[in-house]
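Visitor: Each chain, written out:
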Amino acid sequence: MVKLDAKIPSGKLEEKWTNHKFNMKLVNPANKRKYEILVVGTGLAGASAAATLGELGYKVKVLTFHDSPRRAHSIAAQGGINAAKNYQNDGDSVYRLFYDTIKGGDFRAREANVYRLAEVSNNIIDQCVAQGVPFAREYGGLLDNRSFGGAQVSRTFYAKGQTGQQLLLGAYSALSRQISLGNVTMFTRREMLDLVVENDVAKGIIARNLVTGEIEKYSAHAVVLATGGYSNVFFLSTNAMNCNTTAIWRAHKKGAVFANPCYTQIHPTCLPVHGESQSKLTLMSESLRNDGRIWVSKIKGDKRKPNDIPESDRDYYLERKYPSFGNLSPRDISSRSAKEACDDGRGADGGEAVYLDFSDAINRLGKAAIEEKYGNLFEIYEVITGDNPYQTPMKIYPAPHYTMGGLWVDYNLMSNVPGLFVLGEANFSDHGANRLGASALMQGLADGYFVIPYTIGNYLASDKPSLASTDDEAFKSAAKENDERLKKILSINGKRTVDDIHKQLGRIMWNKVGMARNEAGLKEAIKEIAALREEFWKDVKVVGKAEDLNQNLERAVRLADYLELGELMALDALNRNESCGGHFRTEYQTEEGEALRNDDEYAFVSAWEFNELGKWTMHKEPLNYEFVKLAQRSYK
Amino acid sequence: MSEIKLNLTLKVWRQQGPKSPGSFVSYKVSVSPDASFLEMLDELNNSLEQEGKEPIAFESDCREGICGTCDLMINGEAHGPLPRIATCQLHMRNFKDGETIYVEPFRAKAFPLVKDLIVDRSALDKIIQAGGYVSINTGGVPDANAIPIPKDKAAEAFDAAACIGCGACVATCKNASAMLFVSAKVSQLALLPQGHPERAKRVEAMVKVMDELGFGSCTNTYACEAECPKGISITNIARLNREFYKAKFSH
Numbered sequence: 001m002v003k004l005d006a007k008i009p010s011g012k013l014e015e016k017w018t019n020h021k022f023n024m025k026l027v028n029p030a031n032k033r034k035y036e037i038l039v040v041g042t043g044l045a046g047a048s049a050a051a052t053l054g055e056l057g058y059k060v061k062v063l064t065f066h067d068s069p070r071r072a073h074s075i076a077a078q079g080g081i082n083a084a085k086n087y088q089n090d091g092d093s094v095y096r097l098f099y100d101t102i103k104g105g106d107f108r109a110r111e112a113n114v115y116r117l118a119e120v121s122n123n124i125i126d127q128c129v130a131q132g133v134p135f136a137r138e139y140g141g142l143l144d145n146r147s148f149g150g151a152q153v154s155r156t157f158y159a160k161g162q163t164g165q166q167l168l169l170g171a172y173s174a175l176s177r178q179i180s181l182g183n184v185t186m187f188t189r190r191e192m193l194d195l196v197v198e199n200d201v202a203k204g205i206i207a208r209n210l211v212t213g214e215i216e217k218y219s220a221h222a223v224v225l226a227t228g229g230y231s232n233v234f235f236l237s238t239n240a241m242n243c244n245t246t247a248i249w250r251a252h253k254k255g256a257v258f259a260n261p262c263y264t265q266i267h268p269t270c271l272p273v274h275g276e277s278q279s280k281l282t283l284m285s286e287s288l289r290n291d292g293r294i295w296v297s298k299i300k301g302d303k304r305k306p307n308d309i310p311e312s313d314r315d316y317y318l319e320r321k322y323p324s325f326g327n328l329s330p331r332d333i334s335s336r337s338a339k340e341a342c343d344d345g346r347g348a349d350g351g352e353a354v355y356l357d358f359s360d361a362i363n364r365l366g367k368a369a370i371e372e373k374y375g376n377l378f379e380i381y382e383v384i385t386g387d388n389p390y391q392t393p394m395k396i397y398p399a400p401h402y403t404m405g406g407l408w409v410d411y412n413l414m415s416n417v418p419g420l421f422v423l424g425e426a427n428f429s430d431h432g433a434n435r436l437g438a439s440a441l442m443q444g445l446a447d448g449y450f451v452i453p454y455t456i457g458n459y460l461a462s463d464k465p466s467l468a469s470t471d472d473e474a475f476k477s478a479a480k481e482n483d484e485r486l487k488k489i490l491s492i493n494g495k496r497t498v499d500d501i502h503k504q505l506g507r508i509m510w511n512k513v514g515m516a517r518n519e520a521g522l523k524e525a526i527k528e529i530a531a532l533r534e535e536f537w538k539d540v541k542v543v544g545k546a547e548d549l550n551q552n553l554e555r556a557v558r559l560a561d562y563l564e565l566g567e568l569m570a571l572d573a574l575n576r577n578e579s580c581g582g583h584f585r586t587e588y589q590t591e592e593g594e595a596l597r598n599d600d601e602y603a604f605v606s607a608w609e610f611n612e613l614g615k616w617t618m619h620k621e622p623l624n625y626e627f628v629k630l631a632q633r634s635y636k
Numbered sequence: 637m638s639e640i641k642l643n644l645t646l647k648v649w650r651q652q653g654p655k656s657p658g659s660f661v662s663y664k665v666s667v668s669p670d671a672s673f674l675e676m677l678d679e680l681n682n683s684l685e686q687e688g689k690e691p692i693a694f695e696s697d698c699r700e701g702i703c704g705t706c707d708l709m710i711n712g713e714a715h716g717p718l719p720r721i722a723t724c725q726l727h728m729r730n731f732k733d734g735e736t737i738y739v740e741p742f743r744a745k746a747f748p749l750v751k752d753l754i755v756d757r758s759a760l761d762k763i764i765q766a767g768g769y770v771s772i773n774t775g776g777v778p779d780a781n782a783i784p785i786p787k788d789k790a791a792e793a794f795d796a797a798a799c800i801g802c803g804a805c806v807a808t809c810k811n812a813s814a815m816l817f818v819s820a821k822v823s824q825l826a827l828l829p830q831g832h833p834e835r836a837k838r839v840e841a842m843v844k845v846m847d848e849l850g851f852g853s854c855t856n857t858y859a860c861e862a863e864c865p866k867g868i869s870i871t872n873i874a875r876l877n878r879e880f881y882k883a884k885f886s887h
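Chains as they are written, first to last, in the working numbering: chain A, 1 to 636; chain B, 637 to 887.
Treat the hints as calculated values from the structure; they're not laboratory data.
Heads up, a few of these hints could be off.
[What the hints assert, rightly or not] A few chain A residues that don't get close to chain B, going by computed Cβ distances all over 10 Å:
1) Lys-34
2) Pro-134
3) Gly-301
4) Cys-342
5) Asp-344
6) Arg-507
7) Ala-520
[Stated by the list, open to error] Short, incomplete list of chain B residues facing chain A, as computed with Cβ under 8 Å:
8) Val-648
9) Leu-674
10) Ala-693
11) Glu-695
12) Ser-696
13) Ile-721
14) Gly-768
15) Gln-830
16) Gly-831
For glycine and all other residues, C-beta sits at the position ideal for the given N, C-alpha and C.
Can you make the complete structure from the sequences, with help from the hints?
Guide: Structural data, given as structure tokens:
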């Protein structure tokens, strides 16, 4: 029976983390090298955790399915990273960043976690600058900031439109240093297939060597998953091709509860779909909304070219509906508004796209200023679409982008399975029902650089876990099960390709578990996903061998897990009879069409325990707001 | 969305493993001009899988030109015919109906072949491990605004730091030299005050490992700059040489 204890320290909000750091047990420096820690994933959270734990003296092993630890999808984050530095003297503070994040998350996150995130945000910027991350600067040589959705202060640090790249390369450089010093051992082209649990404690993992196909066993005193989110359940998302849920899903099936799976973020500014062969969607940084104005025609089915549509026929719907935040309204609100306009037949060419127009900004600031800020984004846009955004407005449409849900963790970022820690997008902890822009990078690095190094020490010093042998029965049976599962998939030899089934799953998810959901649709989705899953196990066609580099098999294994996760997402969405943040149930909205929360009944984290396929038990972690007053989110 | 399809012949390098012989295999494809090059390969792979044939092994991830995973030689050019993009950003509208396209892996002594179009570029990681960092631990660093850095220096450092580690510079160089890659990291950290304490040690260590790993020498053909998806300038190579000789003379 799962018992959830968030282990939130008592005391004043602003003293919790400081006191907790003092109260936690430490591992003596000489003893640290006796502890082995396994980190899975080398994005911002994984790389920063591995580097920092290596620096502290632990023996660290890191796995990534990439060919190099520099490739994880954190690298594609464009816009920036938030911090409460208040360098702009515009009224920012740790408390304001905390409050904006809680409010942005529609009051569905833990206060204590979010406050800590805001608190360590400033350390992250200091750390990255010291590593040589080339953030944008002002003429006086000090750091520059820009604004992002959901905030009225400028607190976002950036490196052109490549902030994620620069931060990841910073963490990668720290990790590379630890590899060269021998503190960290790097295993590339390895994909985690399973978590190994012995006597209810996480003891290691099973991974597949993606070059040889060999099933490998890794044991450690603690396992850290930093394996990212699950937006690719939608098939088309802004996530990289290889992003997948397998690591956290397999851990879930081994006992880790999954929190808020239905909280998914649809990003408002992505490039529209071009056709059937589309493999993924490309994000255009939200920072573009600083200077771009979003509009559609006032006339349904308007086929005129955007530059031929006169000012009087344009509806700048975000500025109209949300005058104080305007084009910088939070992501969920902006996405839904775009969908509404297009569903109303007023999208670009009457289709599924809205205009993001820079002509006013170019007239006001000059082309050079716009080029300096967004030059690379404009180039990317032109390369992909063949249109020049300096001359004609960009066309954008919302797309799945980020998953706020993930494995449940306590304040120490440990799951309910002792010894299993979960960082970054893979956990559920800080963004509630909606994440603000430039906060994912902040959370990944906060978890890796400044939280896990303390809390993992406390676990090791308090629980004194032993190191299991990979010859233990638990390892052997897990390895065997996974080997058999791969062979089973290869033996089906049916008619449908992996992508074919994945696309169908994606359509179910997008239509019924996407931006707007309702009871009937969710019930249908649950049935359809279960049926599709059955079809997969009867009719999928996967070629090649298990003992070889086999990308077809890799995709099949990931899809098998998505076909289970999708059902849980729909179930969670069905269960949450309210609208909040990225979870919008059409039955629950205000007269003006805004999300209508139900704080009396749903101010909790839904944490799902896996029993068997199709059967879960939901546990509630109540969200007790001690410091913030719950209010309706208003961006008007 | 375009209704017209391009009919193309692909000649793709297929090789089961590093020790097996490889050869070009022909495929006929019909593809929308709006599709990307990699989406065309996805479609081809999907149809191969349907026929029970092994799909073409190739690597890609972000498909936004930033992760550096994709790495194809297309008609003899790293990342294909357009300047300043990665393979994943190449779209089919840049090809003509009826064309024959050759697709090969990035070839270099330091990049051993893994399978089909996949090569092992971990040598680039080893060069970074030799010194492509500032030796600081997490915590205990000064305030981010403690050291002002002139805007132009920061921008120049950024331009060098924009390298995505794809290896196009190596694959395109007739000597398979990694000088552009190495110079980008050396420059970034030489331009910023944070990198100065280890400036001399860094450049020597990185160059030493680069030489050991089987990368060739730079003979100033500038092919690397022409093919670099991020437009990393060869002025960085000049800076690398200056840094290297300064370091040598400092002993």
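Visitor: If a hint holds in the structure, say so; if it does not, say that too.
Guide: To see whether the hints hold, each was checked on the structure:
1. Non-interface call for Lys-34 of chain A relative to chain B: holds, since the shortest CB-CB distance, roughly 20 Å, exceeds 10 Å.
2. Listed as outside the interface, Pro-134 of chain A is inconsistent with that label: its C-beta sits roughly 4 Å from the nearest C-beta of chain B, within the 10 Å cut-off.
3. For Gly-301 of chain A, the shortest C-beta to C-beta distance to chain B comes to about 17 Å, beyond the 10 Å cut-off, and the non-interface label holds.
4. Interface exclusion of Cys-342 of chain A from chain B stands, the closest Cβ pair being 15 Å apart, more than 10 Å.
5. Distance check on Asp-344 of chain A: its Cβ is at least 21 Å (rounded) from any Cβ of chain B, clearing the 10 Å threshold; non-interface status holds.
6. No Cβ of chain B approaches the Cβ of Arg-507 of chain A within 10 Å, the least distance being about 16 Å, so the stated non-interface status holds.
7. At the 10 Å boundary, the C-beta of Ala-520 of chain A stays outside the reach of chain B, the nearest C-beta of that chain being 31 Å off.
8. Residue-level restraint check for Val-648 of chain B is violated (minimum Cβ-Cβ distance to chain A is 15 Å; threshold 8 Å).
9. Checking Leu-674 of chain B against chain A: minimum C-beta separation of about 7 Å stays under 8 Å; hint holds.
10. For the restraint placing Ala-693 of chain B at the interface with chain A, the shortest Cβ-Cβ distance is roughly 6 Å, inside the 8 Å limit, so the hint holds.
11. At its closest, the beta carbon of Glu-695 of chain B sits 7 Å from a beta carbon of chain A; the interface hint therefore holds under the 8 Å criterion.
12. Here the hint on Ser-696 of chain B is kept, as its CB sits about 6 Å from the closest CB of chain A, short of 8 Å.
13. Residue-level restraint check for Ile-721 of chain B holds (minimum Cβ-Cβ distance to chain A is 6 Å; threshold 8 Å).
14. Satisfaction of the interface hint for Gly-768 of chain B is found here, the shortest Cβ-Cβ separation to chain A being roughly 6 Å, below the 8 Å cut-off.
15. Hint on Gln-830 of chain B holds. Least Cβ distance to chain A is approximately 5 Å, under the 8 Å limit.
16. A hinted interface residue such as Gly-831 of chain B counts as satisfied when its beta carbon comes closer than 8 Å to some beta carbon of chain A; here the least separation is about 5 Å, so the hint holds.
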